[in-house]
Structures are given as C-alpha cells and as structure tokens.
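Protein chains in written order, with this note's numbering: chain A, 1 to 345; chain B, 1 to 279.
Note that these hints are calculated values from the structure, not bench results.
There could be a bad hint or two in this list.
Straight-line alpha carbon distances no greater than 27 Å define the calculated DSSO-like cross-link-like pairs of lysine-lysine that follow [unchecked claim]: (1) B:Lys161 x A:Lys118; (2) A:Lys284 x B:Lys25; (3) A:Lys296 x B:Lys33; (4) B:Lys25 x A:Lys75; (5) B:Lys14 x A:Lys80; (6) A:Lys222 x B:Lys277; (7) A:Lys222 x B:Lys274; (8) B:Lys33 x A:Lys284; (9) B:Lys78 x B:Lys161; (10) A:Lys53 x A:Lys8; (11) B:Lys262 x A:Lys222; (12) B:Lys22 x A:Lys75; (13) B:Lys14 x A:Lys284; (14) B:Lys274 x A:Lys284.
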Amino acid sequence: MEKRLIKKEALAGIIGELAGRMRVYAPVQAEDQVLFKALAEGEKPLVDFANTKNAPKNFFFPRTETLMKFTRTEKGMVHKDQEKAGEEKQGGETLLFGVRPCDARSFTLLDMLFDQEKYQDPYYIDKRAKTTVVALGCVHPPYTTCFCTSVDGAPLAADGADLLLTDLGESYLAEFLTTKGEALLSAFGGTPAGEAEDKQKEALATQAAGEIRSRIPAHEVKPILDARFEDPFWNTLHQKCLACGTCTYLCPTCHCFDISDETKGDSGVRIRNWDSCMFPLFTKETSGHNPRPSQKERWRQRVMHKFRYYMDNFGAIACVGCGRCVMACPVNLDIRKIVTDIAKL
Amino acid sequence: MQNPYIPIPVEVVKIVTEVDTKDIKTFRFAFLKKEDEAAFGYLPGQFAELSIFGKGESPIGIASSPTQPGYIEFTVQKAGVVTSALHEMEVGAVMGVRGPLGNSWPIDFLAGKNIVIVGGGFAFTTLRSLINYMIDERNRSRFGKITVIYGARTPGLLIYKDELDAWAKRDDINLNVTVDKGDADWKGREGFVPTVCREVAPSSENAVTVICGPPIMIRFTLPVFFELGFSKENIITSLEMRMKCGIGKCGRCNVGEKYVCKDGPVFSLAELDKLTKEY
Numbered sequence: 001m002e003k004r005l006i007k008k009e010a011l012a013g014i015i016g017e018l019a020g021r022m023r024v025y026a027p028v029q030a031e032d033q034v035l036f037k038a039l040a041e042g043e044k045p046l047v048d049f050a051n052t053k054n055a056p057k058n059f060f061f062p063r064t065e066t067l068m069k070f071t072r073t074e075k076g077m078v079h080k081d082q083e084k085a086g087e088e089k090q091g092g093e094t095l096l097f098g099v100r101p102c103d104a105r106s107f108t109l110l111d112m113l114f115d116q117e118k119y120q121d122p123y124y125i126d127k128r129a130k131t132t133v134v135a136l137g138c139v140h141p142p143y144t145t146c147f148c149t150s151v152d153g154a155p156l157a158a159d160g161a162d163l164l165l166t167d168l169g170e171s172y173l174a175e176f177l178t179t180k181g182e183a184l185l186s187a188f189g190g191t192p193a194g195e196a197e198d199k200q201k202e203a204l205a206t207q208a209a210g211e212i213r214s215r216i217p218a219h220e221v222k223p224i225l226d227a228r229f230e231d232p233f234w235n236t237l238h239q240k241c242l243a244c245g246t247c248t249y250l251c252p253t254c255h256c257f258d259i260s261d262e263t264k265g266d267s268g269v270r271i272r273n274w275d276s277c278m279f280p281l282f283t284k285e286t287s288g289h290n291p292r293p294s295q296k297e298r299w300r301q302r303v304m305h306k307f308r309y310y311m312d313n314f315g316a317i318a319c320v321g322c323g324r325c326v327m328a329c330p331v332n333l334d335i336r337k338i339v340t341d342i343a344k345l
Numbered sequence: 001m002q003n004p005y006i007p008i009p010v011e012v013v014k015i016v017t018e019v020d021t022k023d024i025k026t027f028r029f030a031f032l033k034k035e036d037e038a039a040f041g042y043l044p045g046q047f048a049e050l051s052i053f054g055k056g057e058s059p060i061g062i063a064s065s066p067t068q069p070g071y072i073e074f075t076v077q078k079a080g081v082v083t084s085a086l087h088e089m090e091v092g093a094v095m096g097v098r099g100p101l102g103n104s105w106p107i108d109f110l111a112g113k114n115i116v117i118v119g120g121g122f123a124f125t126t127l128r129s130l131i132n133y134m135i136d137e138r139n140r141s142r143f144g145k146i147t148v149i150y151g152a153r154t155p156g157l158l159i160y161k162d163e164l165d166a167w168a169k170r171d172d173i174n175l176n177v178t179v180d181k182g183d184a185d186w187k188g189r190e191g192f193v194p195t196v197c198r199e200v201a202p203s204s205e206n207a208v209t210v211i212c213g214p215p216i217m218i219r220f221t222l223p224v225f226f227e228l229g230f231s232k233e234n235i236i237t238s239l240e241m242r243m244k245c246g247i248g249k250c251g252r253c254n255v256g257e258k259y260v261c262k263d264g265p266v267f268s269l270a271e272l273d274k275l276t277k278e279y
C-alpha cells in the first residue's frame, strides 16, 4: 500500500482540481448545514467539519432513481429499450470526498445486500464500481452521539474507503488502500510516508477511540433479541414515535425502498424511492391486512433488522454508530438507550 | 450483469373469467421473445411480478405448470391498482412479467410420497400448478396417491371448473370438491374444507399435505391434519406479503431473518414455527 504525506493547506485545492477531471461530491457549507454537493472545477470543499447532515448512501442508492423508461404503443405501455437494459444507469467516474469512517463502513454493509451472489442490484453496483471513496478520519470524533467503536467501527478505520486521510497536524497521512485509490496518486502528489507516520497514526487512533464516550452493548443484544420477540419491552418503546421516518432516511445503512410508476402523456418512468419501515403503509396489503399494524411492530422491526436479522443474514450489525438518528429524532428516541435497555432484559 | 428489475415482455393470449362474480380471471401470456421462454424456467409454487407500465407491479403465483410449454398463466383477483388495470386488458395487449421469483413447492421432498392438496377459494392457483405438474405423464410415477380437497363458498366461485371436471374423470387422482353452500344446480358435496378433510381422512402414512387458502380455513384445517398424524414438517403452505422488488432488497416482506419473496413464499409448518409471527 502506498502512503504519502499531503500538506494540509494543499488538500482542498487538490480536490477542487480533481473536480475538473471527474464528478466530485464533497462536503460544503449550505446555510447552517454541511451537505455533500457536486463541486465545480476549482471549488474547494470543506476539510474541517464534523460530519454531513445526510449520509452519503445517496450516491449509490439515490433517494429517487429511475429504474427504466416506458412508452405507449398501440398494444400498451412497453419498456423503451428492451435490448439495452443498462441504458438508464447514470454513468461516469465519481469521487466521493470527505466521507467519515462510519459512513465509509456503511458502504461495506450495503454491499452485502445489494451485491449478493444471487440477485445483484445493477444500479447500486454500477455506481459503486465507478466511485472512489476518499475518507477523512476523525482524529477528534465530532459528536457526543458518536458510537462507532461499539458497532465494529473506529474513528480512523479504513473499511469501505479507497483512500484514507488522517490529520497528523502539519500534513495528512494519505493511505492509498485500493487500486481505485492508487489511481489518485499523481493527483495527490505529496511526499512518501513511513513508519514514523504509521506510529503517529496508531497513537492518534487509540486517542480518538478513547474520546468516544458513547458505548453501547451492541454485540450483547443478539441472543436477547432472538428470545424476546414477544416482550413487554416493545409495548411502550414506540409510544412517543411520530412515525416521521427521519431516522431511516438519515441512516447510512437503511435501504428499504418503494417502486412506483409515473406517467406523463405517452411515456413514463418506473422509479424507486427510499421508503421506511416506520411508515404504516409500508407493509399494508391490498386486502387491508397489515402484518405490522402499529408503531410497536415497526419499531421492533427497526431494532430487530439492525441488531438481529442483519447478523443472521450477513454476520454484521446494520448500524455504523454515526448517531444521526439520535441527533435528528424530533422526540429524542435514542437507539443507544434502546440497545442498552435491551441488554438489561 | 442481468438486470432483475426489467420485466420480460409478454402478450396476453387468452383470458378466462373464472367466477360468476367476474372479479377473478386467468390470464395466459406468451413470451414475445422465444429465448425468454427458455430462460423463464420455473417450478410450481413460484410467483412473478406482473408488470403493467404506468400502473406498477403485483406479485402473483404462477398458475400454469412448467409441463405446459408455450405460455404461463396467472389467476388474478381484481383488487388494487395493478390488478384492476390487468382486468381491463384484452387479448393482444403487451405487458411485462418479472420472474420466476421465490422458492417453489418442494418437489424433491414431495417425490415418492402420497400428496394431499388442500385448497380454499381463489388460493388454489399454485396448487393447480402443482397438480398439473404431478399428473403430467412424465411425472405421475414420481408421486404416490394424489388426494385433492378443494372448496369455495359457492359453486360459482370455484375456479378452473373445466379442469376440475377433467380431473374428476381420472382414476389416478382422488378429487373432492366442496362448496360451503350449494345452489339449485349443485350436485356435489356441501361442507367446509376442514369438515371435508376429516371425512376424506387421508392417511398420514408417507404423506405430505400442501395447504393454501384463506387464514380462517387454514386455522381450522390444521388441527384436522394434526389429528390425522401429519407432522409439522409434512404440512406445507405458502405465505403472502406485500412485495415490491421480489428479490430480497426493498425490505417490506421481511419476516424475521427471512424475506418471503426470496426465501419463501413456501414454508413448512415446522419452518413457520421458527419464524417470528409477523405475516
């Protein structure tokens, strides 16, 4: 693996320059929020920020995505191009800069679902393959709600990243982790880094992990959830939930979606949109039957899916500890407290 | 990479109105491209997303048998947006089918055993597929005795009436058709499915029962089969859930660690016992 030292003041300029060669999404200040936006050539991204308001899953699994187009014929609406199934895919090389390690790890969790052996999701896989992820380590974890270390992550972890940048004070240590990352070597330039910087990063990693104060027993709850599907615990947990779905929309690992058709005149599109297990209609059947009839069952599903079912299916917890759901919940439902309470059952 | 979201183009070649209330029709589709038919290899019990561009998709069990080449059939009740649009369609219309999806009736497990098929109302569609599969001359010797118990509320609500008549004439299938309440022309059996199951009393010896019907029928039929000595491993059924993608991604048919669309829809009672009760 190639390692370089990049002068701190040079970084934003390097990314801005890359925006002239490929599509670059990076954190920028948007009013009072930090959001991923497409950079114009030469535009400098934020390099000093806490984390983005939205999770970057949007770049592989967009909020709204056209799956196919159709057009009217005498015999009915038909798929517009039966031969070229991949036509609708958005092409082009993309660079995703400034992804925090928790969010970078979410890509590896989403890969498990969208890139299974059977039923691969071509829309996700195509964008994932064309995107280089440049992660920015959290030398100082930004929020009190951060709990990545409880769910197999770490403030300076490299999972899901092609290139990891760690702030060493004067310079960034740039670790070119994959072939896609190494393709950026010439653009990043810098000077070779060695053992001294490795040691420095190691010390920072220990220190940063220590700064994470939220610790939850995420790995203890699986056997409890296995046994406690019918537990009085679920009867009250959801009561203040407004079913707004914000937690699932901000979650880097939530991946539920809806498919619907939109027609205008003689043509139309089939699109998929993010959906949420928090919504009453999510599972409601045409007959009127709803297997998850109240918010109780929906909350149980959310917890079970992240901490039990994903473990069963993929051997991983579907939570990266970014804390977005904790920060954004309008009624202060806190997944950290819920998991902690479950561990005491 | 094959795109599992793109439907296969098909043409409606035949429509049969199955019931006197006219809200259940069987649609026969022919593949517009010959190679698609070869690629659409399926087994009884599987389903597909019927895809009408501009309306959406609806997951429906395949009612034809793979032993009947040249077409696939689906029996559909008019209920929501997609199925209502389907019911308006005429022969010659072009639409899409996405599949086959899901597991199937466990054919290898059923082979060599006596098979008891229990169906109620319009949930008889994939059972019909299984029956036609088993009685096909190439397959019949692979299965033991075949007993069919099929009921509907009224004679007019029985589906596949011509086929029921044809099966009744065969000596290699014990067909028992019943209605909750007959009419002036009805000469057949009257009685609820669980009662008829008790009367027919199929032996549980080397036997498997495959049950599909409304929840109320299943609830009262299961105890009969327990009394007859059927184990939970030998009682097979199929679940219905709201679905979109059909390939275990969109999340809405998630029950426990399973996705009904890809891990089901077929489960044994023993498997369902292990699953969370959320369907």
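A quick look at each hint next to the structure:
| no. | hint | verdict |
| --- | --- | --- |
| 1 | B:Lys161 x A:Lys118 | violated (39 Å) |
| 2 | A:Lys284 x B:Lys25 | holds (24 Å) |
| 3 | A:Lys296 x B:Lys33 | violated (48 Å) |
| 4 | B:Lys25 x A:Lys75 | holds (20 Å) |
| 5 | B:Lys14 x A:Lys80 | holds (25 Å) |
| 6 | A:Lys222 x B:Lys277 | holds (18 Å) |
| 7 | A:Lys222 x B:Lys274 | holds (16 Å) |
| 8 | B:Lys33 x A:Lys284 | violated (35 Å) |
| 9 | B:Lys78 x B:Lys161 | holds (19 Å) |
| 10 | A:Lys53 x A:Lys8 | holds (24 Å) |
| 11 | B:Lys262 x A:Lys222 | holds (23 Å) |
| 12 | B:Lys22 x A:Lys75 | holds (24 Å) |
| 13 | B:Lys14 x A:Lys284 | violated (31 Å) |
| 14 | B:Lys274 x A:Lys284 | holds (23 Å) |
The structure does not agree with the numbered hints 1, 3, 8, 13 stated previously, though it agrees with the rest.
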